[in-house]
Amino acid sequence: MSVLIIIASAILSVAAIVALWRVVRGPSTVDRVIGSDVLLTTLTLVVGTEMVATGHTRTIPLMVVLAATALLGTVAVARFVTRPEGTATSTAATGPASAQPDDTEKGMS
Amino acid sequence: MVDAEPWASILDIAAGVLLVGGAILSLAAAVGLVRFPDALSRLHAATKPQILGLVLVVLALALSQRSWAALLLLTPVIVLQMLTAPIAAHMVGRAGYRTGDFDASTLVVDELAADVADAGRSDLPGSSDPIDRPVGDAARPGPSEEPPAEA
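Chains X and S supply the protein sequences, listed in that same order.
Going by my numbering, 92 is the number at position 92 of the first sequence; the sequence numbering is gapless.
One rule links them: number in my numbering = place in the second sequence (from 1) + 1000.
The shape of chain S in the complex, shown without the other chains (with noise of 0.2 Å):
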């Protein structure tokens, strides 16, 4: 892969580095996949790769290819990425969360107690904070008391 010119050779290997450091992150996902306890540390671990390891190995498919039209289609692939991704972070958080799949000593702020109370779920984490609400109201429909935090 060694061209005749100097930094066409300089821009192969840095292509290469950053694709090894994108493997990395990959790597350090999968290892978080095993080694955390819960599902919500296993998600923190699990976004890693998704943005930062993604725009490595575009960087260094842009390297590589040097062209224009490349970097035209590479930058749509960053975009919607960064654009879904924490979409589907935050159902998942969710779904984690309300599956009581954490360990609830160990957060430092629960913002969704309140809701969980609010909506009368006694059977979701939370649901025994000392905050003094009317639980179980069921003429109170739940949707419309959802705090603007649900965006």
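Pulled out of the complex, with its shape left as it was, chain X reads as follows (with noise of 0.2 Å):
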């Protein structure tokens, strides 16, 4: 059984930090927030296995938390994303200063 739980831990440490990975090096604003995505499910993750080792459920609640509140940073960040007119298709790197919603974007979203 502990075995297991150390197991599950070093996994979801690996996980976790090729998450943060993958937000560091980007390379876009979209890859960024599947990363910090990743990052978010794998605390969950990690405060469930915590919870099962200790015997403890006293951080139930902030799981509870996480599932209900995980998609606002992420919808508030993809609401904005987008790519500076007249650029190729295949360039993806936009950043956050280039994000400028018009009208027309409010309606694609």
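None of these hints come from the bench; they were simulated from the model.
Please note: incorrect hints may appear among the correct ones.
[What the hints assert, rightly or not] Output of the computed footprint for chain S on chain X, the stretches with three or more beta carbons under 8 Å from beta carbons of chain S:
1. 33-43
2. 51-65
3. 74-80
Don't be surprised by glycine CBs; every beta carbon is placed ideally from N, CA and C.
Two independent chains are provided; combine them into the complex using the hints.
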């Protein structure tokens, strides 16, 4: 049992580090959002694993809050991600500074 | 952790196996984040542990606690995650489409191409779709033309 918990913790640590690497590397804002999503999901799994390991249930409300609010940051960023006008389709890199939603943009999202 | 009752030991081991399963799903998402080429492919990998991985860990927690109160607290975790995870994935997918961060030749169906042509956004992928529509009509408001697929 404790061996399985140690294995699960090690795997979750590797997953969190790899997701953080994707958040740092990008290259686009969408990639960073996806990486932060995976990081937050991994954090939720770590909270659950820690409760199984130590046998308490005090952090279940934290899991509830994480499950309910995980989409807020994702939606807020994804809502305003766009490419600057006139760039080629193949260029994926865009930054928060270039996000300028207009009326058409609001209709699209 | 071996209890005097045989069932307790079996349930603890099952909880550990479920934990490892959820962790492996999370690791699979991380590997997909690194190895997949574009944002939409990475989104496909990233959404796997959001539901199934969390369900496995919550099941492990329920098996290790073995109380109705814990199960009552754990049910909203799954319900809320099942409500919110598709919304987030949908929004990120739309953003990934809009930034053109995908290989358009791998698409089987591009259901957003007609909408992009409707909105007159020639800079977006799919605007070269041969659908014969008036493009760039500024007098027509975009949101009212959106099909019900928006939801």
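| query | Looking at the structure, which of the earlier hints fail to hold? | reply | No hint contradicted; all consistent.
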